[in-house]
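These protein sequence lines are chains A and B, in that order. Sequential numbering from 1 applies to the first sequence in my numbering. Sequential numbering from 1 applies to the second sequence in my numbering.
Keep in mind that the hints were calculated from the coordinates and are not lab data. Some clues are possibly wrong.
Below, in silico cross-link-like pairs of lysine-lysine (DSS-like), each with a Cα-Cα straight-line distance of 27 Å or less [claimed, not checked]:
#1 B:K124 - A:K263
#2 A:K63 - A:K263
#3 A:K124 - A:K63
#4 B:K124 - A:K124
Footprint (simulated), chain B over chain A, 3 or more residues, beta carbon under 8 Å [what the hints assert, rightly or not]:
#5 144-154
#6 157-171
#7 240-249
Computed from a prediction, not measured in an experiment: that's the story for all the values here. In this text, a Cβ means the ideal position worked out from N, Cα and C, and glycines have one as well.
Below, each chain spelled out in residue letters.
Protein chains: 2
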Amino acid sequence: MKNAPIGIFDSGVGGLTVVRAIHDLLPQEDLIYVGDTARFPYGNKSPATIIRYAQQITEFLQKQGVKLVVVACNTATVHGLAALREQWALPVLGVVQPGVDAALEATRSGRVGIIGTVGTIQSKAYQQALLQARPELHITASATPLLVSLVEEDWLQHAATQLILEEYLAPHRAAQVDTLVLGCTHYPLLKGLIGQMLGPEVALVDSAENMARAVAERLRQDDLGHSNSKRVGTIQIYASDLSTQFANLAHRFLGREAGTIEKVVLTD
Amino acid sequence: MKNAPIGIFDSGVGGLTVVRAIHDLLPQEDLIYVGDTARFPYGNKSPATIIRYAQQITEFLQKQGVKLVVVACNTATVHGLAALREQWALPVLGVVQPGVDAALEATRSGRVGIIGTVGTIQSKAYQQALLQARPELHITASATPLLVSLVEEDWLQHAATQLILEEYLAPHRAAQVDTLVLGCTHYPLLKGLIGQMLGPEVALVDSAENMARAVAERLRQDDLGHSNSKRVGTIQIYASDLSTQFANLAHRFLGREAGTIEKVVLTD
């Protein structure tokens, strides 16, 4: 089992920022990624639908013999993590808790901001997890739904992106947060611009990096790390719908060649 | 058959601009709408997948006894219209041809612009249909993928929307088009702002309005109009995934109360 791959999934291309971070931190591990591009995005779908999709993908990953599953999608984590853990014996890690832990570690003033999709913010998953750990926190949460499209358009430094971010970040500036959780796997690509805009006094919590750290920690705890720490693992990408746009984005999100992307049929 | 409803579908909420236009022009007709919200958006999916989805929805509409099907989705029209017409005996109308006809009628200079999703523009459906009718036309086509999100966010007059449109409209200004085809069912909501920006000398071709005129014409030709022209027809909306966001958008796109939205299960 130590030498089995790690399975990672998201509704689309976003989770490849998590794949990149895991590969950077744990290069010896083989990674299998599923992007459910045929049914992207999950953000505006109902919890029951999202749970069904997450179960189908986990079943596929389990058949590929993975040793651990990473839900690299905030919406699927919020709605599906408990159901997946109930159904499967494999360790299943979600993207919310690592972000929460990192925010708790980063904040000095106790004033924490969260940005994410409508679904993630409405679910209150980050807010509740933060307040459960530290009830005295002052939390500012806001949905920032245009950011996913802007990232996919590659408008990472565009004047319009800056204008939109000015508006989206205004409540966080007003609340004087010292920590901002980027609660969506697309947002690491905007970390540069957000960092320039908020300045070094605001810590940015990047879901992808913290997810990778949580995976490393879990492999260590369960003694599931690859037995050969010198090797360089493979990255196999599956998508439920293939398009040239996905291939282009995959390259950009992964920060390297994506290799051959295979189609996976997820039956409803 | 004359008193049967008209079926209309789209990948999401956008086609409700077409429902609104048909209801305004033909208030006596009963309308059944299907928004395939569980699988929205179609724009970045492969042709084979889109054809499969369009067939499933048309089958559902056919079971509801509709007399005519309107494909109120540019992507589904581009990839699915031929397949639907082959499979079903019902008249099936797509959203591309009415827009093309209206553009041909509107242009004086023969310089025509088209904006739409990546899928619609890459398919070249509008470009080819225009050039087939008039090979001497000078056509400028550009993908404007951020507009759907901006419309769904209700940022119809926002400074960021204006900045993004300035960039998107620049090639059309440079080409001195006198007619711009709004090749996406979301864009009628931006007609006001685009009209302000381009001025009255550029004619805007609105997919929804022209689609409604094409439906009226076809009903007349086939003698399929409702026998009681004094009645006010019903609008029944189905969605493959229900969410509060869809209900809110439906209200806005339809321009009136959306009534009870029913769930439809579309099996893959």
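Each hint, compared with the structure:
| no. | hint | verdict |
| --- | --- | --- |
| 1 | B:K124 - A:K263 | 26 Å, holds |
| 2 | A:K63 - A:K263 | 15 Å, holds |
| 3 | A:K124 - A:K63 | 33 Å, violated |
| 4 | B:K124 - A:K124 | 43 Å, violated |
| 5 | 144-154 | holds (count 7) |
| 6 | 157-171 | holds (count 5) |
| 7 | 240-249 | holds (count 5) |
Hints 3, 4 from the list above are not met by this structure, while the remaining hints are.
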